[in-house]
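> So you can see what is in the structure, the chains are spelled out below.
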Amino acid sequence: MAIETTRRQILISTLVLSATACRRAEPDLAGYTEEEPPHLSSTIRANDPQIVPQLLSGWYPAEQNPWRWTARTFAVALWPPPGSAARGAILRVRLAVPEVLLAQLKSTTLSASIRGVQLAPETYRQPGMAFYNRDVPASAVSGDSVRVDFAVEKPFRPNVADSRELGVIVHNLSLETK
Amino acid sequence: MSGPDAREPSASAGAAGLRPIADFALWLIPPLLCCAVYWPGLWAWFQADDFAWLALRLDVHDWHSLMRALFAPMAQGTIRPLSERAFFLVFESLFGLNALPFRICVFLTQCANLTLLAAVTRRLTGSRAAGFWAAVLWAVNSSLVSSMVWSSVFNQVLCAFFLLGAFWFLLRYVETGRKSDYLWQWALFLLGFGALEVNVVYPGLAAAYTFLLARKRFRATLPLFIPSAAFTLVHGMVAPAHAAGPYALHFDRALPGTFVTYWQWALISEYPSTSFYGRMEFGLFAILTVALLAFAAIRALHRDWIPSFCLAWFVIVLAPVLPLRDHVSNYYLTLPAIGLAVLGAYALVRTWRQPMLCKLAAVTAAAAYMTVMVRFDRTLTPWWARRSRAVERMVLGVARGHQLHPDKAIVLDGVDSQLFWAGIFHHPFRLYGVANVYLTPGSEAHIEAHDATGQVSDFILPNGPAVYAAKGDRLVVYRVGSKRLKAITSSFEQAAIAGPTPVVPRKVDAGNPLMGYLLGPEWYPPENGARWMPRRATLRIGGSGSASERLYVEGFLPVVQLPQPPISLRVTVDNVDLPETSIQLGENRFSVAFPLPNEAVGKREHLIGLEVGRTSHYGTDVRELGLNFGTFEIR
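So the protein sequences, as listed, match chains A and B. Numbers 602 to 779, taken from the working numbering, label the letters of the first sequence in order. Numbers 14 to 648, taken from the working numbering, label the letters of the second sequence in order.
Wrong hints could be hidden among the right ones.
To be verified - Facing chain B, according to a computed beta carbon distance under 10 Å, are these residues of chain A, among others:
no.	residue
1	G632
2	E637
3	G684
4	S775
Stated by the list, open to error - Here are the simulated DSS-like pairs of lysine-lysine, each with C-alpha atoms no more than 30 Å apart in a straight line:
no.	chain 1	residue 1	chain 2	residue 2
5	A	K779	B	K499
6	A	K707	A	K755
7	B	K616	B	K520
8	B	K520	A	K779
9	A	K779	B	K616
10	B	K192	B	K229
What the hints assert, rightly or not - Sample of chain B residues facing chain A (criterion: CB under 10 Å; computed from the structure):
no.	residue
11	R406
12	V411
13	A448
14	V489
15	K496
16	L498
17	A500
18	T502
19	E506
20	A509
21	R563
22	Y565
Derived by calculation from the structure, the hints in this document are not laboratory data. Where is the CB? At the ideal position from N, CA and C, for every residue including glycine.
Build out the structure end to end from the sequences listed, making use of the hints.
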């Protein structure tokens, strides 16, 4: 009886392993599309590892969060979307202003510049999700890449243990044709 | 058993050595012929309904959901746990989206069917030749094309296996009287319910056979009707008959016409040629009809009821699908055609002993039938296979596009009717985790409409969202080509932006990220094709053209463990209040229609305001949630 049971177990195990071994690996999809020449993205999700090369300076690691802390000044490179060189663009930043920051600073002010064009600053006094949306003139968004420089008026220093000089929390930012 | 004179004489001593080889060939040739005729079907990919079965895996998370996936009736009222649910769940679990193992399983089962049919016919007629020819005639019948190239039609093949297997054991039981044969018949019969609903007719076949050819076993077949009656009863309760649509049953004057259509398809295929050759096929249809009926009548006069039983097989097995007047399908003939194949084979073998002229006529008719059927099979099988391959290229191309551009919607250009109805309409991309796939605006001009099946417009990206997405580089556009998808994003975006300012769409899908620009800033991000609002939210929608139009609002409701009071919903159109409504919790989704205020008529767009009476927190979600919306539409 024991031998019979063992045989049965071996048979079932063999069948299961055989079936599992037949499982096809994930298909190589490389040849299924013909792509256009690559270009930078005009939309950036702060936690997307693919856009790290576009985070030029002043960004802290995303760690496990869907956002990143910035330094007091930070910069990104964006692709000017189609038609923006003729119509102009809108710079959109979705950010968060944490309560701890306002507790220390009372308010925080964000400003930006693109190719020497200063965009109007905005001051945030309420905690929570916030937006920084500004029109960008067509003259500032030509070419294959646009550098956007940001600055926060007052730096935020969390505590003694964390001596970083922080700006704001950015979730995503984009440049859209007007 | 009647028809003993059909039995072959014993072989001479000299031929005895060749007999095993010849016998082996008789068993082997029909499966080989089947594989040769339907060879492209072995290499076909998935298409159409296959994607619904493949997607079952996505809904299986635990024992309860597994049971639901296996046994819950589908939209058309089918419950086929073995041939559809288990088949796709098991094979997909083992082999992923590799279609070949699915196809090999279908081919092997059909080879077993052909062998079973040969064995059944041998027992029935006492003739090895008849067994061989029955398998050959069925193997080439055009009704098998769908089964041999489309994995969803495995239900026909598997049901044939159970029907033939059960019938073979019945024949053994009739001969031997052994209880084990009788019980095996029962086992296979009961398993057949897991393959196809048509299995309910098996007791009719068994009763007809025993009544005509083995009367003393007739009573033993009567208990078989009990499971069939029970299945019919239960099936009627859990999957009520459709009142309208392609699966509605019509017991009317159309029945004889439907029967004649199936009879014609069984003898000369579904699409006879329209040329001179086609008129020949209609001639063949007439000749075969007269010859088979005359043969059955003459044999009946000699009290040989085998041909009558074969005709009964055709009628009994076809009967359940005859009332489907608006869904006459060639593959429904897969099982009834078995009866005609046995009849044809029996007629051929009987006629072989007649004078040369009769013999010549029979051989000519059989050859003509096979020519017509093989021509059809060899035309249609590659067509189905090519179509599945085109769907594969598109689906894998979209999967690749998603791999490269995970944050962007994918828009397809150049999709034709075949790709749409065999692929996109069945949402194949979700199998690769891709949700936002659309067709370019204007694609509907190249796709044949089938309004009873679905709306092409549901898959088209409207102009407004297309321009919005182009401006923000939120999409990637591919043109469907003969080899691969070709990215045309730049030219599409430039053309979209340069075009006239699009009107605001009259249907707003809150779950579509590309329509987010029509929603106010209050809304939460889209999730699973829908979007939650907090206590208040706004959106823009295209204007109404007449006072008779209404605002239709659809959404989804969370699962609640305890009874909760309804949620009141207040809607405004351009700041004009509409009648307040209450949304009852407990269902999966809600749908409300509002009359539009007179002031709204004629405006180009409207501002819709939404406000719920209370918000809630569901599960571990800390957000303040009002209602979860799908679409808003003015029509």
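> Now, for every hint given, state plainly whether the structure supports it.
These are the hints, each one checked on the structure:
1. For the restraint placing A/G632 at the interface with chain B, the shortest Cβ-Cβ distance is roughly 6 Å, inside the 10 Å limit, so the hint holds.
2. Hint status for A/E637 relative to chain B: holds, with the closest Cβ pair at about 5 Å, below 10 Å.
3. The closest approach between the C-beta of A/G684 and any C-beta of chain B is roughly 4 Å, which is under the 10 Å cut-off, so the hint is satisfied.
4. The interface hint given for A/S775 is met, as the beta carbon of that residue sits about 6 Å from the closest beta carbon of chain B, less than 10 Å.
5. Restraint check: the Cα-Cα separation between A/K779 and B/K499 comes to about 28 Å, which is no more than 30 Å; the hinted pair holds.
6. Annotation: proposed proximity of A/K707 to A/K755 holds, straight-line Cα distance about 10 Å (limit 30 Å).
7. In summary, the hint linking B/K616 to B/K520 is supported, as the alpha carbons are separated by about 15 Å, within the 30 Å threshold.
8. Pair hint B/K520 plus A/K779 holds up; C-alpha atoms about 24 Å apart against a cutoff of 30 Å.
9. Annotation: proposed proximity of A/K779 to B/K616 holds, straight-line Cα distance about 24 Å (limit 30 Å).
10. Among the hinted pairs, B/K192 with B/K229 is consistent with the structure: their alpha-carbon atoms are about 15 Å apart, no more than 30 Å.
11. Taking 10 Å as the C-beta cut-off, the interface hint given for B/R406 holds, the closest approach to chain A being about 7 Å.
12. A least Cβ separation of about 8 Å between B/V411 and chain A falls short of the 10 Å threshold, and the interface hint therefore holds.
13. At a threshold of 10 Å, the smallest CB-CB gap from B/A448 to chain A is about 17 Å, leaving the interface hint violated.
14. A hinted interface residue such as B/V489 counts as satisfied when its beta carbon comes closer than 10 Å to some beta carbon of chain A; here the least separation is about 9 Å, so the hint holds.
15. A least Cβ separation of about 8 Å between B/K496 and chain A falls short of the 10 Å threshold, and the interface hint therefore holds.
16. The restraint placing B/L498 at the interface with chain A holds, with a minimum CB-CB distance near 5 Å, inside the 10 Å limit.
17. The interface hint given for B/A500 is met, as the beta carbon of that residue sits about 5 Å from the closest beta carbon of chain A, less than 10 Å.
18. Among the interface hints, the one on B/T502 holds; its C-beta lies about 6 Å from the nearest C-beta in chain A, closer than the 10 Å criterion.
19. Below 10 Å, beta-carbon pairs count as interface contacts, and B/E506 has one with chain A at about 4 Å; its hint therefore holds.
20. Annotation: B/A509 was flagged as interfacial toward chain A, and the flag holds, the nearest CB pair being 8 Å apart, inside 10 Å.
21. Below 10 Å, beta-carbon pairs count as interface contacts, and B/R563 has none with chain A, the closest being about 34 Å; its hint is therefore violated.
22. The criterion of a C-beta within 10 Å of any C-beta in chain A is not met by B/Y565, whose closest approach is roughly 30 Å, and the hint is violated.
The structure does not agree with the numbered hints 13, 21 and 22 stated previously, though it agrees with the rest.
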